[in-house]
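Given the coordinates of chain A, work out where chain B should sit on it, guided by the hints.
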Amino acid sequence: MKTVFMRTPTLKDCPTHYCPGCGHGIAHRLIAETIDELGIRGRTIGIAPVGCAVLAYNYLDIDMVEVAHGRPPAVATGMKRTNPDKIIFSYQGDGDLAAIGTAEIIHAAHRGEQITVIFINNAVFGMTGGQMAPTTLLEQVTATTPRGRQTTSEGYPLQVSELLALLPGAIYVERCSLHNPTHVRKAKKAIKHAFELQVSGAQGLSLVEVLSPCPVYWRMTPVKAMEWIEKEMTKVFPLGRLKG
Amino acid sequence: MCGNEALAEAAILAGCDAYFGYPITPQNEIPAYMSRRMPEEGRVFVQSESELAAINMVFGASATGKRAMTTSSSPGISLMQEGISYLAGAELPAVVVNVMRGGPGLGNIAPSQGDYFQATRGGGHGDYRTIVFGPSSVQELVDCMALAFDLADEYRMTVVVLADGILGQMMEPIVLEKKPRRELPPKDWALTGAKGREQNIVRSLWLPEGALEKHNYKLKAKYEQVQKNEVICEQYEVDDAEIIVVAYGVAARIVRGAVTRAREEGIKAGWIRPVTLWPFPTEQISKAADELRIFLVVEMSCGQMVEDVKLAIAGKAPVVFYGRPGGGVPTVDEILERIKQLTIPRNVKCKAKNAKPKLKI
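Here the protein sequences come in this chain order: A and B. Using our numbering, read the first sequence as starting at 11 and increasing by one per residue. Using our numbering, read the second sequence as starting at 77 and increasing by one per residue.
No lab work stands behind these hints: they were computed from the structure. A virtual CB, placed ideally from N, CA and C, is assigned to each residue, including glycine. Check before you lean on any hint, since a few could be wrong.
[As the list claims (entries may be wrong)] Calculated lysine-lysine pairs in the DSS-like style (CA-CA distance at most 27 Å, straight line):
#1 A:LYS22 - B:LYS263
#2 B:LYS416 - B:LYS392
#3 A:LYS96 - B:LYS263
#4 A:LYS96 - B:LYS271
#5 A:LYS202 - B:LYS271
[As the list claims (entries may be wrong)] Here are some of the chain B residues that sit facing chain A, going by a computed Cβ distance under 7 Å:
#6 ASN132
#7 PHE135
#8 LEU267
#9 ILE277
#10 ARG279
Just chain A, same shape as in the assembly (with noise of 0.2 Å):
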């Protein structure tokens, strides 16, 4: 018999903690994959955020570390500074990256740090129980948005893609989503590509934006999740290079 799909080695072979339909567990395999085809496993330092994914080192094979929430990006500084021979990795949530965290990325890609950030947007905090974030739609509801987002009280959703994307330390920013096994592929792809451009040396930040379910606080099925991203999520966050 003959095997045509596997497991990649740097994804351990374990349950995950993360909810029926959740996207984390994609993001982690499409991570797992690019630092096994790019053979980087023993240079690769990962970090995790605080949120859902804080528990990824349980999930990827590789040295990891776990830090506050929003600082992701100065670790890494710290990390890649002392150490430009390893390949750096943040993984961030909205709340983490978009929300907490905003000076940090701001200032890591205007520094143009050699890092890779993936930048997981479900436009809700998952951890702390669904509520709001900056990325949170119009009119969605969450834990503390139970009318709906409104722009007179919570502002609009936070593009920090198109933000980062006009720094000229930010070299590559692409925003990609997981909603059906073509885009899965697309974000495989851009994955891939930013941490190529680390390994190159090539010099400033790559990051990318992952559009990702989160459908118990979306109060949908994960079907649904996927259809709602393709539908509405895409409409304030678009697909494509915004970047590099």
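Here is chain B on its own, set in the frame of chain A:
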């Protein structure tokens, strides 16, 4: 060389691989000096966007096994407390210099000792400690840098060097020399890429029931070792003293002058100077309180270390406080005056045997 520059050069001599900092007065000479010297040495200097970022850059460099430090002054150190707590939880070594200024709030830029509580109680959230040095001269500031890096590595914890605006700005002749390192454990926990080995994880989250409690007890055991092994304390003319003045840092230098003058005037005075503020020289002070005498604690604050002195003495002797907060610096005369108020003048005979000295404050 001013104290700020001297401590920066001492850090380089001590093998500091990376410096991360954000400007704040009165320690601006340090990032300026490091921005020039670190690249000369082929090492890392980054001016961060905030103190929050600076301490997290230290966190990152330290997690990979490098020697990293940051410096700041009081308001900036407050911002770093988040990172210091995470460093404690993740058991990462780090050196943090606080060139203290007046507070609370923006306060002023004058020297102060108002951050004693923050430094010696951990400062951030959670159950942890940091080692704290309170040097009183530029030479001692320089000398404690090498020890700070060694202790940080040995115990995998943050070492805070608590200086103040005077020490940072003061110029004194110093001897700068490379000190031999302590024998240090290998950093086999560091994140270096899991080449040919299992993954290393640096973490401070312990979710399963009982896991954090176990981790806290592990940290506690480590802190107890520090308390047992690393106390540094200086004493002067304590044996026959009727009054012992306790002070640290720059305040201790002023106290030294006042005690010398008191001795010249026939007053049996002595001083105790904690060099490590945590671990605190509890035993030394407690022992000194076994004799009948008064303790005067002098600080450039409204009274912080005085609480540790009282805890050490545990009611065995009276403890009086004199301090000047908000940039006020006590003079030798002011302290001498307090010493005189608290002691029995030589020309007055005591009627009762073992009469206690009069407390006039």
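message = When the structure is checked against the list of hints, which entries are broken? Sort them ascending.
response = none
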